[in-house]
Structures are given as structure tokens and as C-alpha cells.
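K.L.:
Numbering-wise (our numbering), the sequence shown opens with residue 1 and increments by one.
Careful: at least some of the hints might be erroneous.
With a straight-line cut-off of 20 angstroms between C-alpha atoms, the simulated DMTMM-like cross-links for lysine to aspartate or glutamate are [as the list claims (entries may be wrong)]:
hint, residue 1, residue 2
1, 177, 218
2, 242, 212
3, 301, 263
4, 232, 176
5, 81, 65
6, 139, 49
7, 128, 49
8, 232, 303
9, 242, 176
10, 194, 212
11, 242, 185
12, 81, 71
13, 91, 70
In short, the hints are calculated from the structure, not lab data.
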Amino acid sequence: YNYLVHAVAAARNGITFLSNRKEVNPQRIGMIGLSWGGVLTILTNGMDDRLRAAVNVFGAGYIPEGCTWEEIFTAMPANDKNLWNNFLDPKNFLATQHAPILFITGTNDHCYYLTTFQKSYEDVTAPKKFLLIPNLRHKFTPVVQSPALVWLDQKLKTGGSFPVINELPVFTKGADKVLLSCRVEVHSTVKSAKLYYALGGPQEWTDKKWKELPSHQENGIYFFSISTNLIKPEIMYYMTVKDNHGGVTSSLVRSLFAVKLKDGRKTYAYTAPIERIYRHQTPITLIGTTESRNIGYIYSKPDLAYLTYENPN
1 YNYLVHAVAA
11 ARNGITFLSN
21 RKEVNPQRIG
31 MIGLSWGGVL
41 TILTNGMDDR
51 LRAAVNVFGA
61 GYIPEGCTWE
71 EIFTAMPAND
81 KNLWNNFLDP
91 KNFLATQHAP
101 ILFITGTNDH
111 CYYLTTFQKS
121 YEDVTAPKKF
131 LLIPNLRHKF
141 TPVVQSPALV
151 WLDQKLKTGG
161 SFPVINELPV
171 FTKGADKVLL
181 SCRVEVHSTV
191 KSAKLYYALG
201 GPQEWTDKKW
211 KELPSHQENG
221 IYFFSISTNL
231 IKPEIMYYMT
241 VKDNHGGVTS
251 SLVRSLFAVK
261 LKDGRKTYAY
271 TAPIERIYRH
281 QTPITLIGTT
291 ESRNIGYIYS
301 KPDLAYLTYE
311 NPN
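Construct the entire structure; sequences and hints are all you get.
P.N.:
See the structure below:
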């Protein structure tokens with residue numbers, strides 16, 4: 001009785017209808033959806049192998065873990081929750097996506113939180129790209145529309161690809177700078193490479209204020225310099241690269257935070273892409289060391305930093 005079942009059936013019937021039209025090339029059918037339409041796009045692309053391109057704007061799986069309808073899911077009877085989680089939630093169709101899919105959302109979207117959006121993206125095994133618009137809420141503005149249409153054009157008509165961002169290890173420069181960097185693969189030329197950051201940790205997503213940092217390019221590597229004065233104790237960050245053909249890609253949001261070691265020295269650590277509210281995502285990497293899984297972190301307000309401790313788990 002859930003309308004999503006009927007909506008997906010209608011979308012698949014639409015593909016059938018288009019495929020039977022003389023003026024339509026059945027090998028060039030794509031789908032784009034916004035909000036619940038994004039959910040429908042994920043569900044349809046996860047069931048139907050006739051799509052050749054898909055764009056999901058705002059939609060996500062793992063919806064009960066972070067969305068504007070949290071109270072509705074909290075109040076659901078247990079049987080309804082099980083039906084949702086095991087059959088209806090888009091998370092069940094992320095690993096079976098067929099067509100290449102572009103995920104687009106805003107940092108401040110209040111309907112589907114950024115954490116569940118990133119978690120959903122990570123589960124997709126089909127060709128995919130991720131685009132994050134700074135300070136955008138739940139609106140389909142021209143800055144969203146343009147890359148969505150470029151993606152559909154590339155996959156259905158012209159060919160081409162979006163930029164690939166390869167993040168490099170984070171390191172410090174002196175006592176007052178942390179350097180983030182990446183290599184970029186493009187089929188044309190890089191038009192811009194920017195880093196966006198917001199103060200604080202993985203919470204209060206809809207209220208964060210994201211600011212922009214330009215890049216410095218050297219030997220094919222794009223560097224972003226962050227003042228350590230900003231990291232008191234923590235910031236969130238991601239990178240966005242645009243090429244001269246309208247393709248644009250973002251890295252996933254990570255956390256960067258100050259750490260005070262047992263010997264009193266101060267350093268910094270960065271996390272894997274954030275997938276849960278209020279939680280740092282493991283593995284967490286201390287700058288200047290190899291990745292360690294047996295170190296835990298607890299925040300110390302007097303130190304404006306996280307203290308380390310042995311964590312056997």
C-alpha cells in the first residue's frame with residue numbers, strides 16, 4: 001500500500017512507453033529526480049537496467065537515521081519499521097544501481113541529512129560522482145541544474161566524464177598551517193579547484209556556514225592551506241573541482257580536529273567520510289603517523305583539543 005511501490009511502477013511503465021516510441025532511442029533514456037523524486041530515481045535505477053544515466057538530487061537511503069521525518073519513523077509500529085528498513089528504504093537498492101548516477105545535494109539540506117546522503121553514496125557500486133553545493137538548502141537552483149544537465153548530456157549524447165578527485169595525505173606546515181591537497185583527473189582542463197570548510201564537528205548540519213578557500217597548484221597537485229587558528233578544536237571540509245566543460249565533482253565531507261598527545265605535543269587528525277550524526281568516522285588518521293585503529297579520542301575543553309587514549313576495540 002505504500003505509494004513508493006506504485007510510483008516506481010509508474011516510472012518503469014514510463015520507460016516502457018518511451019522505449020516503444022519511434023522517435024525515442026531506447027539506449028538514451030535517463031532519469032532525474034529531486035527530493036522524493038531522488039528516492040524514486042534510486043529505486044528505479046536499482047531495479048531497471050534500461051536507464052543509461054541517472055541523477056539523484058537530495059534523495060538518500062538510510063532515511064530513518066537522519067531526515068526531516070524523524071518523528072514519523074520514531075512513532076512507527078515495529079512491523080512498519082521492519083517493512084520500511086527491509087523492503088522500501090533506498091538503502092536496499094544502492095548496490096544494484098544500473099546506470100551511472102550523479103548524487104547532488106546541499107550542505108544544509110534539511111530533508112535528507114548530509115550524513116545519510118554520503119553513506120548512501122558510498123554504498124553505490126555503479127559508476128558514480130558526488131557533488132556538494134555549499135550552504136544550499138532544499139532548492140533546485142541553477143547551480144544544481146547545470147551540472148545535472150551536463151551529466152545527462154555526457155552519458156546520453158556527447159560522451160565525456162566528470163573530474164576525479166584523488167585526496168592526498170594531510171600534513172602540517174610549520175606550527176600555523178595544515179595543508180590539504182589532491183590530484184585531479186579531467187578529460188579537458190581544470191577551471192577551478194576549491195576547498196570548503198565549516199567550523200565544528202558532525203552535528204548541526206543545517207546551520208553550518210561554509211566558507212571557501214582557493215587552491216594553489218604546483219606540479220599537478222592542488223594545495224589548500226588552513227590556518228590552525230580555525231581548528232579549535234575542529235572543522236569539516238571537502239573539495240570541489242570544476243572543468244571547462246561544465247563537469248564538477250566534490251570529495252566527501254571529512255572532519256579535521258586538533259589532538260593533544262600524551263607527551264604534550266599538539267597535532268591534528270582527519271577522519272574517513274562522515275556517515276553518522278555526532279560521530280567521527282573511522283579510520284581516523286593522525287597527521288605525521290601511520291593510520292592507527294587502537295587509539296581513541298576524547299574531547300578536552302580546557303585544551304581545545306582531543307586527547308588520545310588506548311582503545312583495544
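K.L.:
State for each hint whether it applies.
P.N.:
Hints, one by one, checked against the model:
{"no.": "1", "hint": "177 - 218", "result": "holds (17 angstroms)"}
{"no.": "2", "hint": "242 - 212", "result": "holds (14 angstroms)"}
{"no.": "3", "hint": "301 - 263", "result": "holds (18 angstroms)"}
{"no.": "4", "hint": "232 - 176", "result": "holds (12 angstroms)"}
{"no.": "5", "hint": "81 - 65", "result": "holds (12 angstroms)"}
{"no.": "6", "hint": "139 - 49", "result": "violated (29 angstroms)"}
{"no.": "7", "hint": "128 - 49", "result": "holds (16 angstroms)"}
{"no.": "8", "hint": "232 - 303", "result": "holds (9 angstroms)"}
{"no.": "9", "hint": "242 - 176", "result": "violated (29 angstroms)"}
{"no.": "10", "hint": "194 - 212", "result": "holds (7 angstroms)"}
{"no.": "11", "hint": "242 - 185", "result": "holds (11 angstroms)"}
{"no.": "12", "hint": "81 - 71", "result": "holds (12 angstroms)"}
{"no.": "13", "hint": "91 - 70", "result": "holds (16 angstroms)"}
In this structure, the hints that do not hold are numbers 6, 9, in rising order.
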